[in-house]
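Asker: Here is how the chains run, residue by residue.
2 protein chains.
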Amino acid sequence: MIPKVVYCFLLAGFLGLNACELPPREKTATSEGTVLTTATSDEVNPDEEYVMVTTAISMPMYVNHDQSAFKRWGQKMGVKTSILGPSEWDVPAQIETIEQVIATRPAGLLINGTDPGIALAINQAVAAGIPTVVYDSDVPNSNRHAFLGTDWYQIGRMQGEEMVRLTNGKGKVAYMGILGLTNMEAGFQGLLDVLKKYPKMQVVGKYDDKANVELAAKITSDVLAAHPDLAGICGFDSNSGPGMALAVKEAGKAGKVKITTVDWEPEHLQLVKEGVIQMLAGQKRELFTWYGAQFLFDMVHRTNRLSANDAASNITNVPTTINTGLLRITRENVDQFLKK
Amino acid sequence: MIPKVVYCFLLAGFLGLNACELPPREKTATSEGTVLTTATSDEVNPDEEYVMVTTAISMPMYVNHDQSAFKRWGQKMGVKTSILGPSEWDVPAQIETIEQVIATRPAGLLINGTDPGIALAINQAVAAGIPTVVYDSDVPNSNRHAFLGTDWYQIGRMQGEEMVRLTNGKGKVAYMGILGLTNMEAGFQGLLDVLKKYPKMQVVGKYDDKANVELAAKITSDVLAAHPDLAGICGFDSNSGPGMALAVKEAGKAGKVKITTVDWEPEHLQLVKEGVIQMLAGQKRELFTWYGAQFLFDMVHRTNRLSANDAASNITNVPTTINTGLLRITRENVDQFLKK
Numbered sequence: 001m002i003p004k005v006v007y008c009f010l011l012a013g014f015l016g017l018n019a020c021e022l023p024p025r026e027k028t029a030t031s032e033g034t035v036l037t038t039a040t041s042d043e044v045n046p047d048e049e050y051v052m053v054t055t056a057i058s059m060p061m062y063v064n065h066d067q068s069a070f071k072r073w074g075q076k077m078g079v080k081t082s083i084l085g086p087s088e089w090d091v092p093a094q095i096e097t098i099e100q101v102i103a104t105r106p107a108g109l110l111i112n113g114t115d116p117g118i119a120l121a122i123n124q125a126v127a128a129g130i131p132t133v134v135y136d137s138d139v140p141n142s143n144r145h146a147f148l149g150t151d152w153y154q155i156g157r158m159q160g161e162e163m164v165r166l167t168n169g170k171g172k173v174a175y176m177g178i179l180g181l182t183n184m185e186a187g188f189q190g191l192l193d194v195l196k197k198y199p200k201m202q203v204v205g206k207y208d209d210k211a212n213v214e215l216a217a218k219i220t221s222d223v224l225a226a227h228p229d230l231a232g233i234c235g236f237d238s239n240s241g242p243g244m245a246l247a248v249k250e251a252g253k254a255g256k257v258k259i260t261t262v263d264w265e266p267e268h269l270q271l272v273k274e275g276v277i278q279m280l281a282g283q284k285r286e287l288f289t290w291y292g293a294q295f296l297f298d299m300v301h302r303t304n305r306l307s308a309n310d311a312a313s314n315i316t317n318v319p320t321t322i323n324t325g326l327l328r329i330t331r332e333n334v335d336q337f338l339k340k
Numbered sequence: 001m002i003p004k005v006v007y008c009f010l011l012a013g014f015l016g017l018n019a020c021e022l023p024p025r026e027k028t029a030t031s032e033g034t035v036l037t038t039a040t041s042d043e044v045n046p047d048e049e050y051v052m053v054t055t056a057i058s059m060p061m062y063v064n065h066d067q068s069a070f071k072r073w074g075q076k077m078g079v080k081t082s083i084l085g086p087s088e089w090d091v092p093a094q095i096e097t098i099e100q101v102i103a104t105r106p107a108g109l110l111i112n113g114t115d116p117g118i119a120l121a122i123n124q125a126v127a128a129g130i131p132t133v134v135y136d137s138d139v140p141n142s143n144r145h146a147f148l149g150t151d152w153y154q155i156g157r158m159q160g161e162e163m164v165r166l167t168n169g170k171g172k173v174a175y176m177g178i179l180g181l182t183n184m185e186a187g188f189q190g191l192l193d194v195l196k197k198y199p200k201m202q203v204v205g206k207y208d209d210k211a212n213v214e215l216a217a218k219i220t221s222d223v224l225a226a227h228p229d230l231a232g233i234c235g236f237d238s239n240s241g242p243g244m245a246l247a248v249k250e251a252g253k254a255g256k257v258k259i260t261t262v263d264w265e266p267e268h269l270q271l272v273k274e275g276v277i278q279m280l281a282g283q284k285r286e287l288f289t290w291y292g293a294q295f296l297f298d299m300v301h302r303t304n305r306l307s308a309n310d311a312a313s314n315i316t317n318v319p320t321t322i323n324t325g326l327l328r329i330t331r332e333n334v335d336q337f338l339k340k
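So the protein sequences, as listed, match chains A and B. Going by UniProt numbering, the first sequence runs without a break in its numbering and finishes at 340. Going by UniProt numbering, the second sequence runs without a break in its numbering and finishes at 340.
Keep in mind the hints are simulated off the structure, nothing from the lab. Any given hint could turn out to be false.
To be verified - Just so you have them, the derived chain A footprint on chain B, three or more residues with Cβ under 8 Å:
| hint | segment |
| --- | --- |
| 1 | 213-222 |
| 2 | 301-311 |
| 3 | 315-327 |
| 4 | 331-339 |
Note that the Cβ used here is the ideal one computed from N, Cα and C, for glycine as well.
Build out the structure end to end from the sequences listed, making use of the hints.
Answerer: Following this line, the structure appears as C-alpha cells:
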C-alpha cells in the first residue's frame, strides 16, 4: 500500500480536489434532465448508484470505451453512475478507492481487474453484500459475482492465423507485448500454437516493449536490422502497434513487413487505413461495462430470482463468466470504425 | 431428415393442429393486455417476434426454466415470443422447424443447441441476416452469433469436490450419465480430475443410464450389491439422481451412501430435503434464454453499436460466449428453492 498522502495526491490531483476524501461523483443520469425508459417494470430509484473503480482513470482507451458505455448505460437505466480511481496505473490506490467506496454502500461495484492484489478488497465488498462484477482481467482468486473480458489466447490465435494468411504460411515473425502479464502470456501461447503448425513460419524473437511506443519502435528497428527478410510482426499491448508501425514506415517497408496487433484507438485505425497495419484484433470493451453494469442491476432488482432468497441461498442469479469475443478490423472494414 | 409427414404429425400432434404448416404462435406480450416498460428508449414494435426453436418442447425442465424465462422476458420487453419444435427429442424435426421459421423472418432466433447437426440450419439463419443465439449446448462449428450455457467440466469438478468432503476423502465412488455426449464426457473428466488427487478415493465404475430412471436405479442396485461399502455415487443427467436415490433408499442406505447429481426439478429438491441426495449441481437455465433473448434484442436495436455499420463490418456487438455458472443446492438452502 502506498502512503495515504500519496494516494490522496494522485486521486485529488487528477480530479482537482484538495481534501483527502472521495470526490463528488458525476451524476450522469440526473444531469441529463430527461425522462428515460428503464429496463424493468421495477421502481428504479434515481439515487441508486453504480460505481466503477479503475486505475489509470484518464487512459483514452478506458475513457472512450469502458467509461463511455458505462455512462450511457446509466443514462438509459435512469440510475447514477460514478467512476473513481487514481489517474496513474496505481493498484494500491485503486484498492484504497474500493475500500472507501464500500463504506458508501453503492448499489453495485464494477471493478477493473487490474491485479490479483485487489482480491481482498473485492472480497470485502462481497462480504458487505454489495454486488461486485470484475471486468477486463479476471481476479479468479476472489469472490466476485461475475467476470466479463476477452479470451487472450484467442487474440493470439487470431493474430497467428492472420499472419499465416498474410505471409502465405512462410517467413520470419517476431512478437512483443508486456512480458509476464497473464493475459499477454496467454496471447503469446495462442500465437505460437498456430505458428508451430506451419513448418515454414519461423519465430525470431519475443520482446518486452513495456507498453512504450518508443521502445516498441526501437525493438522493431533492431529486429529489421537483424532480419532484413522479416515477414511480419505481432503486437499485444496498446502501444505495440503504433511503435512497430513507426519503425516499419521509417525502414520504408510499410505493407511489405506485415503487422497485426491489438486495440482500435484512432491511431491504430488510421494505420490500418494507411496500409501499415494489416489487422487489428479488437476487444469489445463497451460490452465489459455495459453488461457488467446490467448484471449488477439485475442482482439488485432480482431480475431472474432463482430461489425464494438468492442471497440467503448463497447463489448468484447472473452469468458467471462472459467472453465478449473479438473484432477483426482490416482495410476492408476500417472505414466503418473511423466513421463511427 | 425424417419424412415430412412424420414431422408434421409430431409437431401438429403436440400443438393440436391438422395442417402441415407452422402453428399459430403464442403472443405472450400482446395477450397480457398491459403496458410494459421496455429496455431501451428505442421504439419497440410489439409485432417484433423472437422465436425459440427447441426439441422435446414439452419436457418439464425446458418448460419450467428455459421457456418460462423467455416468455417473461418477452412480457417485460413488450415484444412477441414464440416457442416452436417437436414434442419428442427429434433433431431432424427441430432442423425443419428452424428452416421454416427462417422463411417467416423473425427478429431473432434462440436455438437449443441439441446437436452438431443443426449447424447448417443455423448458418442459413445467419446468412439470412437473422440474429441467432444458441443456448444449452454449443454448436461451435456454426456461425451462431453467441452461445450461453454451463461449463460441464465444472459440474464434474463440483461433484468431485463435494464427494471428497462428504466421504472425508476416502471410499469407493461410481458415476453415471449418458455416455458419449460431449457435455457429459467433460463432466466425467472434471469429476475424475478431482478424485485422482485423493489416493484413498477409488472409482469403481462408469455407467450409461441412458437418462432412464429405472435403468439408473438398476445400475445403482447392482453397484451396491457388488460393493456393499460404496461411499458415494454421482449422476450427470436429469434422471440419474431420482434413479440412484430410489435404489439407495431401497437398500436402506439413504444418507450413508452419498449422492451428488445434476438438475433441480421438484423431485430432485424433495430428495435433498429428505437427505437422500446430498448435493445438486444446478444449472441456471433461466439465464440461458433471458440473456440470450436480450442479446438478440440488442443486436436488432444496435444497443452497443461498435462501428458505423456492424453488419457491414461483419462483427457482432454482443458477447460471444457466456458461462452462466452453477447453483450449489444442499440441505442448508434447499428450502429456498422449494419455496420459490
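Asker: Hints the structure violates: just list their numbers, smallest first.
Answerer: Hint 1 alone not satisfied by this model.
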